[in-house]
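Novice: Same order as they appear, the protein sequences are chains F and P. So the mapping is simple: this note's numbering equals the position in the first sequence, first residue as 1, plus 18. So the mapping is simple: this note's numbering equals the position in the second sequence, first residue as 1, plus 18.
Note that these hints are calculated values from the structure, not bench results. Treat the hints loosely; a few may be bogus.
The list cannot tell twin chains apart, which means a pair is met if one copy fits it or any two copies do.
Simulated pairs of lysine to any residue, SDA-like, Cα-Cα distance not exceeding 25 Å [what the hints assert, rightly or not]:
{"id": "1", "residue 1": "Lys406", "residue 2": "Arg129"}
{"id": "2", "residue 1": "Lys197", "residue 2": "Asp350"}
{"id": "3", "residue 1": "Lys406", "residue 2": "Val181"}
{"id": "4", "residue 1": "Lys188", "residue 2": "Ile171"}
{"id": "5", "residue 1": "Lys177", "residue 2": "Ser369"}
{"id": "6", "residue 1": "Lys406", "residue 2": "Asp178"}
{"id": "7", "residue 1": "Lys177", "residue 2": "Pro414"}
{"id": "8", "residue 1": "Lys380", "residue 2": "Glu198"}
{"id": "9", "residue 1": "Lys177", "residue 2": "Ser358"}
{"id": "10", "residue 1": "Lys188", "residue 2": "Arg202"}
{"id": "11", "residue 1": "Lys177", "residue 2": "Lys188"}
{"id": "12", "residue 1": "Lys177", "residue 2": "Asn367"}
{"id": "13", "residue 1": "Lys197", "residue 2": "Met187"}
{"id": "14", "residue 1": "Lys24", "residue 2": "Gln392"}
{"id": "15", "residue 1": "Lys406", "residue 2": "Gly122"}
{"id": "16", "residue 1": "Lys379", "residue 2": "Gln429"}
{"id": "17", "residue 1": "Lys213", "residue 2": "Glu425"}
{"id": "18", "residue 1": "Lys284", "residue 2": "Glu125"}
{"id": "19", "residue 1": "Lys188", "residue 2": "Ser412"}
{"id": "20", "residue 1": "Lys24", "residue 2": "Gly44"}
{"id": "21", "residue 1": "Lys214", "residue 2": "Pro403"}
{"id": "22", "residue 1": "Lys284", "residue 2": "Pro368"}
{"id": "23", "residue 1": "Lys443", "residue 2": "Tyr180"}
Protein chains: 2
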Amino acid sequence: MADYTKMWSELGLDLEGHNALLSILGSAYGDIFLSQKNRPEGMKYFDFVMSEVHGLRIQELMEAKAQRRIVVGSYCVFVPEELILAVDGVSVGLCAGAEFNFEGAEEVLPRNTCALIKSAFGFKLGKVCPYLEASDVVVGENTCDGKKKSYEILAPMVKDLYVMDLPQMKTDMGRTFLKEEYRRFMAKLERVSGKKITPESLKMGIEIVNAKRAAVKRLAAIRAADPAPISGLDALLVNQVFFYDDPVRFTHSVNQLCDELEERVKNGIGVSAPETTRVLVSGCPMAVPNWKLPMLIESSNAVIVGEESCVGERGVRWLTESKDGTVEDLLDAITARYFSIDCAVFTPNPSRVEYVKEMAKKLNAQGVIHYSLQFCQPYIVESGPVEKELEHASIPTLRLETDYSQEDAGQLKTRIEAFIERLEKK
Amino acid sequence: MADYTKMWSELGLDLEGHNALLSILGSAYGDIFLSQKNRPEGMKYFDFVMSEVHGLRIQELMEAKAQRRIVVGSYCVFVPEELILAVDGVSVGLCAGAEFNFEGAEEVLPRNTCALIKSAFGFKLGKVCPYLEASDVVVGENTCDGKKKSYEILAPMVKDLYVMDLPQMKTDMGRTFLKEEYRRFMAKLERVSGKKITPESLKMGIEIVNAKRAAVKRLAAIRAADPAPISGLDALLVNQVFFYDDPVRFTHSVNQLCDELEERVKNGIGVSAPETTRVLVSGCPMAVPNWKLPMLIESSNAVIVGEESCVGERGVRWLTESKDGTVEDLLDAITARYFSIDCAVFTPNPSRVEYVKEMAKKLNAQGVIHYSLQFCQPYIVESGPVEKELEHASIPTLRLETDYSQEDAGQLKTRIEAFIERLEKK
Chain F
19 MADYTKMWSE LGLDLEGHNA LLSILGSAYG DIFLSQKNRP EGMKYFDFVM
69 SEVHGLRIQE LMEAKAQRRI VVGSYCVFVP EELILAVDGV SVGLCAGAEF
119 NFEGAEEVLP RNTCALIKSA FGFKLGKVCP YLEASDVVVG ENTCDGKKKS
169 YEILAPMVKD LYVMDLPQMK TDMGRTFLKE EYRRFMAKLE RVSGKKITPE
219 SLKMGIEIVN AKRAAVKRLA AIRAADPAPI SGLDALLVNQ VFFYDDPVRF
269 THSVNQLCDE LEERVKNGIG VSAPETTRVL VSGCPMAVPN WKLPMLIESS
319 NAVIVGEESC VGERGVRWLT ESKDGTVEDL LDAITARYFS IDCAVFTPNP
369 SRVEYVKEMA KKLNAQGVIH YSLQFCQPYI VESGPVEKEL EHASIPTLRL
419 ETDYSQEDAG QLKTRIEAFI ERLEKK
Chain P
19 MADYTKMWSE LGLDLEGHNA LLSILGSAYG DIFLSQKNRP EGMKYFDFVM
69 SEVHGLRIQE LMEAKAQRRI VVGSYCVFVP EELILAVDGV SVGLCAGAEF
119 NFEGAEEVLP RNTCALIKSA FGFKLGKVCP YLEASDVVVG ENTCDGKKKS
169 YEILAPMVKD LYVMDLPQMK TDMGRTFLKE EYRRFMAKLE RVSGKKITPE
219 SLKMGIEIVN AKRAAVKRLA AIRAADPAPI SGLDALLVNQ VFFYDDPVRF
269 THSVNQLCDE LEERVKNGIG VSAPETTRVL VSGCPMAVPN WKLPMLIESS
319 NAVIVGEESC VGERGVRWLT ESKDGTVEDL LDAITARYFS IDCAVFTPNP
369 SRVEYVKEMA KKLNAQGVIH YSLQFCQPYI VESGPVEKEL EHASIPTLRL
419 ETDYSQEDAG QLKTRIEAFI ERLEKK
């Protein structure tokens, strides 16, 4: 690996803390990912991306910035990458998946804050997220209370925080509100980048993102096969890299992986034995390197065949209609696309559970593990009715609530194993 | 007290649970309120109201309903009583202040839900809130995540749940959104009541509510005097009864109480000795019978001189401009009034802390006790910066987080006493 010390230093990272982080990350990656049996060849690309996630990729961002392209960092799938690409910007997800410097985070945030938010603050205060430090604009968003209110505390810590205002109901009023917000965000992007969004640039942005989503949807569909041609861990990793990598290169790599997986399916090759217990995971997003739950599940005689999550199906399910027309027409298409997202911050949110049922059926999952981050009220409150409805539809469901620490791993493992036994007996 | 058994029974109350509740409530009221020394005569009206809060007042609601007036129950100060009065409806606050049947509530809600929400569900599932059972429409609202998502669970349990959609930012977009929501609510009220809102009926509604708010503001201002002419407990009670009583009668009674208190101030009469330590309480609302914190404070050699809370200043601070004009003009005035409310669900919310400072100064408070309900993310996240800013302005601040149980009373009392000692030394 090249020496990126100078770059990290110029970005203002805390080199000691950052080295410690990379070293833990690298060894966790080895233990969790590289130790898997019978991995597809196509995962080598993603192994490489992960090994350079704070290196080569950041160097690319710095090169883009040198060419006067803006870098826009965000924490949520409601931030349209299409618009960022339309000003020739680079869209990146920001670090929020590791238990790093929670002591620091808890000095400014309540202890009863979800791990994802604490992690974002831990990274910022510990100066170890190069994506955040490289961002010209950081986009927050009014999704849950925890994020909404903590962006007020983040604001003075970052260069340029833009808070995206979001509706809470799927009404006409809500849709109009979302469109006006995206119009405001467009203006912001134009201002910061000094570039004007045209029908052509926006259409190009839409097509690049559509291709990326279509590739991940293709991957998702292949996982319906038995034996599963790819582990849930590796598929999650692809969904995580979705937020960091160059979109065109990423799309190409996912499609290559899919070619290989389709070949595997044809030949009955899988990562686990045929008829291994199949589980669908549903709920809160898992940001890199939050691999805790899938690791526990897949080391318990089961394979994960889908993720009903923002880092997963909820992030890629809908494409944006690409059409000839004015910027206004395309903005309508983008609004329609993002307004479909069935995040639990919406009320009511009945389509989500319907889609969980549909996914379980399509992917031949025998049960659902509902994953909530502790203190994530939208998903936790919704998980009660979701469980009831799934069990009513004869889909066994296990509700788990956890954070990023390893303290409860043993207890979770026991519950997961008992659940998988229940599925095996079915 | 009259026998209301038949009425309660017809409302579908669980008589046994309800009797148990009333008995606990009555004895708590005696211990906490009637034991106070040197209470104003004017509090006798409020004692009477409280003794009949599930009796005579419910009978009045039933009589109103018999005259085809609708009863609208709600949980939040964003629900405009002006509009309800404009269709000749009766606006009532719904039960959410007591730890009743939390076991039942926790069967449908996460344990990590704030006590106010659990209480609303405990009352509903235990069938002991006659206000809820008498309501023709129950109004929920998208304020915090906990309330927003739990109304989905409440919906099938009540006759007609209307969820009020609210903005989250004080932008032009947010204001337009609020106005459109209030227009939608008006249409709902007209539909349910069968009455049309006219400029005259709306202006009358505005004036009735303005008079009620003005009376409570008058009471609030009188509390600047030393010695304090009324206890914080009694002043809170007035603010609580605000949500239940007939507005015209309530206004008259508050003004009568104020006449007496002004007389007291003139004569230097107070409920505690001159120079008793003066505290401002700021934060989450305290619904009847949540008297836990004020009781602990006022039994610790201090007097509460103001409540920066929805049940308190935040509920009465702004009046609605009453003017001649169309319904549209009046709707603009109502929107402007409610859009001013500086609830922590808004982001950012800088005017709130400014106003806490202003209140502390106006009311000669020596310190602020910030009260958050456990798991209330908006107020808890905001309390960190609020404390920092108040201490920076040399206003000593104590942040407390609690629920409705008495388990932590000893621990809270110790912290409150230490804080009051700090204020005494100042």
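Novice: Does each hint hold? Answer for all of them.
Specialist: Results of checking the hints against the structure:
no.: 1; hint: Lys406 x Arg129; in the structure: between (30 Å within a copy, 17 Å between copies)
no.: 2; hint: Lys197 x Asp350; in the structure: both (7 Å within a copy, 23 Å between copies)
no.: 3; hint: Lys406 x Val181; in the structure: between (35 Å within a copy, 23 Å between copies)
no.: 4; hint: Lys188 x Ile171; in the structure: between (29 Å within a copy, 18 Å between copies)
no.: 5; hint: Lys177 x Ser369; in the structure: between (38 Å within a copy, 23 Å between copies)
no.: 6; hint: Lys406 x Asp178; in the structure: between (43 Å within a copy, 23 Å between copies)
no.: 7; hint: Lys177 x Pro414; in the structure: neither (47 Å within a copy, 32 Å between copies)
no.: 8; hint: Lys380 x Glu198; in the structure: neither (36 Å within a copy, 41 Å between copies)
no.: 9; hint: Lys177 x Ser358; in the structure: neither (31 Å within a copy, 29 Å between copies)
no.: 10; hint: Lys188 x Arg202; in the structure: both (20 Å within a copy, 15 Å between copies)
no.: 11; hint: Lys177 x Lys188; in the structure: between (33 Å within a copy, 22 Å between copies)
no.: 12; hint: Lys177 x Asn367; in the structure: between (35 Å within a copy, 20 Å between copies)
no.: 13; hint: Lys197 x Met187; in the structure: both (14 Å within a copy, 16 Å between copies)
no.: 14; hint: Lys24 x Gln392; in the structure: neither (38 Å within a copy, 45 Å between copies)
no.: 15; hint: Lys406 x Gly122; in the structure: between (39 Å within a copy, 16 Å between copies)
no.: 16; hint: Lys379 x Gln429; in the structure: neither (29 Å within a copy, 52 Å between copies)
no.: 17; hint: Lys213 x Glu425; in the structure: neither (49 Å within a copy, 60 Å between copies)
no.: 18; hint: Lys284 x Glu125; in the structure: neither (54 Å within a copy, 47 Å between copies)
no.: 19; hint: Lys188 x Ser412; in the structure: neither (28 Å within a copy, 46 Å between copies)
no.: 20; hint: Lys24 x Gly44; in the structure: within (20 Å within a copy, 71 Å between copies)
no.: 21; hint: Lys214 x Pro403; in the structure: neither (46 Å within a copy, 38 Å between copies)
no.: 22; hint: Lys284 x Pro368; in the structure: neither (36 Å within a copy, 61 Å between copies)
no.: 23; hint: Lys443 x Tyr180; in the structure: neither (51 Å within a copy, 44 Å between copies)
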